[in-house]
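Visitor: Chain by chain, the residues:
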Amino acid sequence: GENVEQHPSTLSVQEGDSAVIKCTYSDSASNYFPWYKQELGKRPQLIIDIRSNVGEKKDQRIAVTLNKTAKHFSLHITETQPEDSAVYFCAASKSNAGNMLTFGGGTRLMVKP
Amino acid sequence: GAVVSQHPSRVICKSGTSVKIECRSLDFQATTMFWYRQFPKQSLMLMATSNEGSKATYEQGVEKDKFLINHASLTLSTLTVTSAHPEDSSFYICSARPGGATKQYFGPGTRLTVT
Chain F
0 GENVEQHPST
10 LSVQEGDSAV
20 IKCTYSDSAS
30 NYFPWYKQEL
40 GKRPQLIIDI
50 RSNVGEKKDQ
60 RIAVTLNKTA
70 KHFSLHITET
80 QPEDSAVYFC
90 AASKSNAGNM
100 LTFGGGTRLM
110 VKP
Chain U
16 GAVVSQHPSR
26 VICKSGTSVK
36 IECRSLDFQA
46 TTMFWYRQFP
56 KQSLMLMATS
66 NEGSKATYEQ
76 GVEKDKFLIN
86 HASLTLSTLT
96 VTSAHPEDSS
106 FYICSARPGG
116 ATKQYFGPGT
126 RLTVT
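Protein chains in written order, with my numbering: chain F, 0 to 112; chain U, 16 to 130.
Check before you lean on any hint, since a few could be wrong.
Claimed, not checked - In silico lysine to aspartate or glutamate, EDC-like type, Cα no more than 16 angstroms apart, as pairs:
#1 K111/F x E78/F
#2 K79/U x D103/U
#3 K93/F x E1/F
#4 K93/F x D26/F
#5 K118/U x D48/F
#6 K56/U x E38/F
Derived by calculation from the structure, the hints in this document are not laboratory data.
None of the values given here were measured: they were computed from a predicted structure.
Using the sequences and the accompanying hints, generate a full structural model.
Guide: And the structure:
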């Protein structure tokens, strides 16, 4: 089955700096890659997603890039703010497997004011 | 739109008892619902996939007789933890996927504590 690795597990940045979180996946048939932000005790919130027919997607301060050949995708957050502090999860799924999500291990992002 | 609710949000039960958790899609019909378990400081682990009107598909290592899943309608799935033990204490989160859609929408989670 699919295996998703996520790095780093913790990331501390200064407010205003950029943060980058990287994920790799194992199943070349995966075609949908969402990113979730989860605050303590709350549900995961979808912040951005990308499909395999697209190499990059941006939404204000958040961007995701996908390299299908290398089977990795990354989340980029620019101009970080303290409220960006949370745990971020990447995930991968494929449409011919019921769109089951396989999650990465998570990255705890801390933005210091 | 695409709101998923879960009930209860927190439950404390005694070892050996059973607990039922409900997951509802409030403004869409969910042909598929997923149940996840999340231990402290860990990722979400898929327990089972539930399709309306059919038996759930359990992930490897998840006991189907212990975690009973019923997807009785297009808006409701239930997870019953039977004969709960302290090691079942966890955060249980459901998600729902509208028919034909790729995105999943997550419920707010249920914190289960077994004493």
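Visitor: Any hints this thing doesn't respect? Which numbers, in order?
Guide: As far as the earlier hints go, not one is violated by this structure.
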